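Peer 1: Spelled out, the chains give:
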Amino acid sequence: MGRLKLTGDDCESFLNRLCTRNLVGAEVGRSYYSHMCREDGGILDDLIVSRFESHWGIVCNGVNREKIFTWLSRHSPRTDVTIEDQTLSTAMVAIQGPKTMELAGELVDPDTLSMKRYRFRVFELMGMPVSVYRSGYTGEDGFEVVVPGGLVKLLLPRLLGTKDRPHPVIRPAGLGARDTLRIEAGMPLYGHELTEQWDSLTAGQGWCVDLTKDFVGAGPMRKLQAQGLPRRLVGLQLEGRRIARQHYKVYSGDQEAGEVTSGTLSPTLGKSIAMALIGSEHTEEATCLTVEIGGKRVAARVVKLPFYKRPK
Amino acid sequence: MKVPTDRKYSETHEWFLIDDDIVTMGITQYAADELTDITYVELPEVGTTVAAGDQLGEVESVKATSEILTAVGGDVIEVNTALADHPELINDDAFEEGWIVKIRPESIEPLTALLDAKEYRLYVRNTG
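Here the protein sequences line up with chains G and D, keeping their order. Heads up, the first sequence is in my numbering, so the first residue is 1 and it goes up one at a time. Heads up, the second sequence is in my numbering, so the first residue is 1001 and it goes up one at a time.
Isolated chain D, as found in the complex:
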């Protein structure tokens, strides 16, 4: 299972990558594989202000619709518009090409409570 070590993970299978003062997020490859072929991604609008724990959008596959939850609050500064026509980018490359939104966080404090790569692997092994 691919789990990059440069980012943090939530128990709801989102990943969060801090780069300077911007947090990029998406869903994990494990989550994408579990959903199978992703058919649609509901994205938030750029400029939306979100709070930690908010639902940002939804990822849909033939199997299920899954909420995208953010662990950080802040302003949505960019969304991956390529997903509108190519939602399968998440299946193909959940950690890079399949990123979902970029947030300018009001605080990155909530991320410290999340899992690191090793803990996320263990979490998946114990719950999956």
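Pulled out of the complex, with its shape left as it was, chain G reads as follows:
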């Protein structure tokens, strides 16, 4: 992930103009999921904007770090906003899963237990600032921790244990595991459900778009909203065990209806699931479609997102 720090008196209005989410009156200690879009509405990135006491933080996708830094810099002249890329001087670790809360107190600080979702606090660990966010991209409860780069070598053994004495509960997991979790939870990923080729409404993320305010990309989205979306993001459940992958074609009868954006064999549900961007006329729940996999048509049914919701 990319981590950017913004300082200056104009941060709020600056970010509010570039973000789809309304950030006016953003509270200190809260994080806001938002998109940043081009003038034509194409999604540049999805990111987390956090309001600290004397600055703002952005966590963006690693692949988009330079693009977002350039985009912010391009819009910052004539504003009191300074942008600093802290990606290489900090490290980020996410601890995710249903048992996280039981562990949180012993891991970071007992105060974290009272934090709500999308809240964060800054603690001191060995004299250094550690930001602990109650967030993550797995659909599960959990924390994300940002520490000064040098500290991560000390933090990781504390979380994972050592080779001889591994932590009894916490296991390391990479992006493959993260991907199956976020797909089950119906969460969009940049480069898949979110791209510059389409806008936040088409991607089904209208909840983080405030069309009543002005922001870069608002015009085309208002127009789409008024005319009705020609394409939408849906969930598909496929027959069998084959995985529908990005760009696989979706058909309604013989007619091409759209394409898959992500797919996996859900470990939790034991079913082949996918998200797809398809023509709005095919998006009603239970619509029968097919996905072309390896030259064969596999039956698929439109289902509600998310595929899986964690018990509260």
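Because the hints were derived from the structure by calculation, they are not lab data. Possibly wrong hints are sitting among the right ones.
[Claimed, not checked] In silico lysine-lysine, DSS-like type, Cα no more than 25 Å apart, as pairs:
| # | chain 1 | residue 1 | chain 2 | residue 2 |
| --- | --- | --- | --- | --- |
| 1 | D | K1063 | G | K309 |
| 2 | G | K296 | G | K309 |
| 3 | D | K1102 | D | K1002 |
| 4 | G | K271 | D | K1063 |
| 5 | G | K99 | G | K163 |
| 6 | G | K249 | D | K1002 |
| 7 | G | K99 | G | K312 |
| 8 | D | K1063 | G | K296 |
| 9 | G | K163 | D | K1002 |
| 10 | G | K271 | G | K249 |
| 11 | G | K271 | G | K304 |
| 12 | G | K223 | G | K213 |
Small disclaimer: the values here were computed from a predicted structure and weren't measured.
Position chain D relative to chain G; hints supplied.
Peer 2: Leaving out everything else, chain D in the frame of chain G:
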């Protein structure tokens, strides 16, 4: 890394075992470990005639879909039907229980150009 010495290996990570006039093939344990949990195996039909270099089927994991390529041409005389319900057999035992197809080759000549166990180990070390 487990690499049995009784068979030959391709650079695309298939193994080929000659037993009398039949060639049994599968993917290597290294390939299976790299794919992680295998979720599906697309098998050819028994009776299919294939040419050396043809795609026989596909092995799928959550991470990726990988083609199965045959180094020998001939007739597919048997497929491992157990893989339909238990694709994880390849992860568990790629060289034995996880075999994929048996071919009656028209010639075993192409196998002489493949890697032996020692060369395959070296190949993985240098490319992996």
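Peer 1: Hint by hint, note whether the structure agrees.
Peer 2: Each hint tested on the structure:
1. Using a Cα cut-off of 25 Å, the hinted pair K1063/D and K309/G holds, with the two alpha carbons roughly 23 Å apart.
2. Annotation: proposed proximity of K296/G to K309/G is violated, straight-line Cα distance about 31 Å (limit 25 Å).
3. Taking the CA atoms of K1102/D and K1002/D, the gap is near 22 Å; set against the 25 Å cutoff, the hint holds.
4. Restraint check for K271/G and K1063/D: the C-alpha separation of about 16 Å stays at or below 25 Å, so the hint holds.
5. Annotation: proposed proximity of K99/G to K163/G holds, straight-line Cα distance about 22 Å (limit 25 Å).
6. Proposed proximity of K249/G and K1002/D is contradicted: the alpha carbons are some 39 Å apart, above 25 Å.
7. Between K99/G and K312/G, the direct Cα distance comes to roughly 12 Å. Compliance with the 25 Å bound is thereby established for this hinted pair.
8. Restraint check for K1063/D and K296/G: satisfied, since their Cα atoms lie roughly 20 Å apart, inside the 25 Å limit.
9. For a cut-off of 25 Å, the pair hint linking K163/G to K1002/D stands: about 23 Å separates their Cα positions.
10. A hinted pair counts as satisfied when its Cα atoms are at most 25 Å apart, and K271/G with K249/G qualifies at roughly 19 Å.
11. At roughly 14 Å between alpha-carbon atoms, K271/G and K304/G fall within 25 Å of each other, so this suggested pair holds.
12. Distance restraint check for K223/G and K213/G: the Cα-Cα separation of roughly 14 Å lies within the 25 Å cut-off, and the hinted pair is therefore satisfied.
When each numbered hint is compared with the structure, violations occur for hints 2 and 6.
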